[in-house]
Amino acid sequence: MTETTTMNQSATSLLSKLRRKWLEIVKMRWPYLFISPFYILFLIFGVYPILFSLYLSFTEWKGLGPIKFVGLKNFEMLFKDKLFWQSMTNGVILFFLYVPLMTFLALVLAVILNSNRVRGFRLFRTMIFIPYIMNIVAAGFTFRLMLNEKYGLVNLMLGIFHIPPVPWLESVWGGRISLCLLVIWAWLGYNMVLMLAGLQTIPNELTEAALIDGASPTQAFFYVTIPVMRPVILFSVVLSTMGSFNLFSEIYNLTQGGPVNATITPVILIFRHAFTNFRLGYASAMAYLYFLILFVLTLMQFRYFGQQAD
Amino acid sequence: MFTRRLSLWFTDFLMYALLIGVSIFMMLPFIWMVSTSLKPPDEIFAIPPIIISKHSSLSAYVYLQQQYNILGIVKNTFVIAFSATILRLFFCALGGYGFAKFKFPGQGALFAFLLGTMVIPGAVTLVPVYIIMRDLKWIDTFWPLIIPGAANAFGIFFMRQYIMSVSNELMDAARIDGAGEFTIFWRIILPIIAPGLTSLGLIFFMGSWNDFIGPLIYLKSPELFTLPLIIRSLIGPVGRTVYDVQMATSVISLIPLLIIFLIFQRRFVEGITAGAVKG
Chain A
0 MTETTTMNQS ATSLLSKLRR KWLEIVKMRW PYLFISPFYI LFLIFGVYPI LFSLYLSFTE
60 WKGLGPIKFV GLKNFEMLFK DKLFWQSMTN GVILFFLYVP LMTFLALVLA VILNSNRVRG
120 FRLFRTMIFI PYIMNIVAAG FTFRLMLNEK YGLVNLMLGI FHIPPVPWLE SVWGGRISLC
180 LLVIWAWLGY NMVLMLAGLQ TIPNELTEAA LIDGASPTQA FFYVTIPVMR PVILFSVVLS
240 TMGSFNLFSE IYNLTQGGPV NATITPVILI FRHAFTNFRL GYASAMAYLY FLILFVLTLM
300 QFRYFGQQAD
Chain B
0 MFTRRLSLWF TDFLMYALLI GVSIFMMLPF IWMVSTSLKP PDEIFAIPPI IISKHSSLSA
60 YVYLQQQYNI LGIVKNTFVI AFSATILRLF FCALGGYGFA KFKFPGQGAL FAFLLGTMVI
120 PGAVTLVPVY IIMRDLKWID TFWPLIIPGA ANAFGIFFMR QYIMSVSNEL MDAARIDGAG
180 EFTIFWRIIL PIIAPGLTSL GLIFFMGSWN DFIGPLIYLK SPELFTLPLI IRSLIGPVGR
240 TVYDVQMATS VISLIPLLII FLIFQRRFVE GITAGAVKG
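Chains as they are written, first to last, in numbering that gives the first Met the number 0: chain A, 0 to 309; chain B, 0 to 278.
Calculated from the structure, these hints are not laboratory results.
In this text, all values refer to a predicted model and were calculated from it rather than measured experimentally.
Positions of the beta carbon are idealized from the N, C-alpha and C atoms, including for glycine.
One should not assume that every hint holds.
To be verified - One-sided and incomplete, this derived list gives chain A residues near chain B with beta-carbon spacing under 8 Å:
#1 Glu23
#2 Val25
#3 Phe37
#4 Gly242
#5 Asn245
#6 Ala273
#7 Phe277
Generate coordinates for the entire structure from the input sequences, incorporating the hints supplied.
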């Protein structure tokens, strides 16, 4: 008897607690209402797909008909799938081919164009940034036209210096380098603008003091600018890392993953399995493994840069 | 002193050489694109290359209109980009306002969650979202390109930072006058944050205008295509690509963005750098 009373009491106190909480929420309904669209949309187009995709990764499904549960079979196949590992390797190769060069170039250009001493600095900034606004399909086909082995503008120009025609889009490394040229062309300006914004937060006195103390501009660049800019450089490098594995439109329109899969990336492969081969289960498993690897890679970058900053 | 001056001169020389070299690399594709779009087909692969043809004409553009109704394609691209941008701006400003000017239980956790969603790559949700759209019968409509992105985590983060710097005085005054919370947002906050909305809107508009993978997955009928998709569809059989027509489409896809960018350059740059420096 007493037990039920206490239970009733605790139940009522819990109820009144919940009621109070609810009243509080009703009273505070405005902010919840204002932020709710994001969470509703994310529930439908984020949470549900993520869970459904996790489920699909243990199944075989063509998009229609019954979904067949196959356990870990997709992942077993994935570990043996040479093309998948080739695509991850390609991501790494592309990263080393363009990220260091682009980041360094972006930083150097930003330092140069940060000083108003350069004549026409606004024009240079605009010219370097403009490619960023061009859609990558148009850019990809323009590059294809210019890099054509026999008739492309680039090889004709190289011919003037008696350099034999380069098989840009017809060879393994040519394909990779062409892709990097396109990516650098499209993204250098964006990274430069990031660096410029970063530089503007550094007080000018810092570099000036170094110069007065007798440092050369090169020394000031390496010993003052780079350490101070580390957070912005990290941001730009992390974005580019994800970028090099995520490349899709660039490849789809410039090299189509070839020649001999030299430029295939995970996202191209996932897209192919999903929308060309209709192997939705396998595509989902691949997407999950890819996400996991990328996540670890990003964490490692934060660790590495974080330690150096200490 | 003399060596110092010489080394300064040398640094200047290197600086300008780099700037000019990079600028040529950046501009050449644009020049070649425009040039090819105006050339007669037999001059496209001429040796030596011709930059400004004596036989320049707009025939590729006329052909585009006759064969592909390119103005209709421009309209599709614009309708999608414009509605997506307006919808996103509205929900991002509203969400940003909710986070910036209110204190409520669970606020910190909800905001951290919002930021966390930004690390999920689109590849993971690609397949299930496609299935959702198919079951909604939204394939071959503009809806999949407008609705899922309507409230965007980066946009809410951006607007929150922006609205936090707005002073509370006007809002409090309006509250005393009995204005409702939504009225305050619509009448007071929105006009004040117009510059921030412009910056964010430019990013959204550009992203949607240039989007390729979305239209590639969801649009099937050629009359619904967007500009990037039509450029892609113009490749034709091997060796028979009509480069002049393809480049003409590329020029058309670039011009509206170029005009908008040159007018709003400063706002645009503010938008893309906001995340990097503050975050």
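Okay, the hints, checked on the actual structure:
| no. | hint | result |
| --- | --- | --- |
| 1 | Glu23 | holds, 7 Å |
| 2 | Val25 | violated, 12 Å |
| 3 | Phe37 | holds, 4 Å |
| 4 | Gly242 | violated, 11 Å |
| 5 | Asn245 | holds, 6 Å |
| 6 | Ala273 | holds, 5 Å |
| 7 | Phe277 | violated, 10 Å |
Hints 2, 4, 7 from the list above are not met by this structure, while the remaining hints are.
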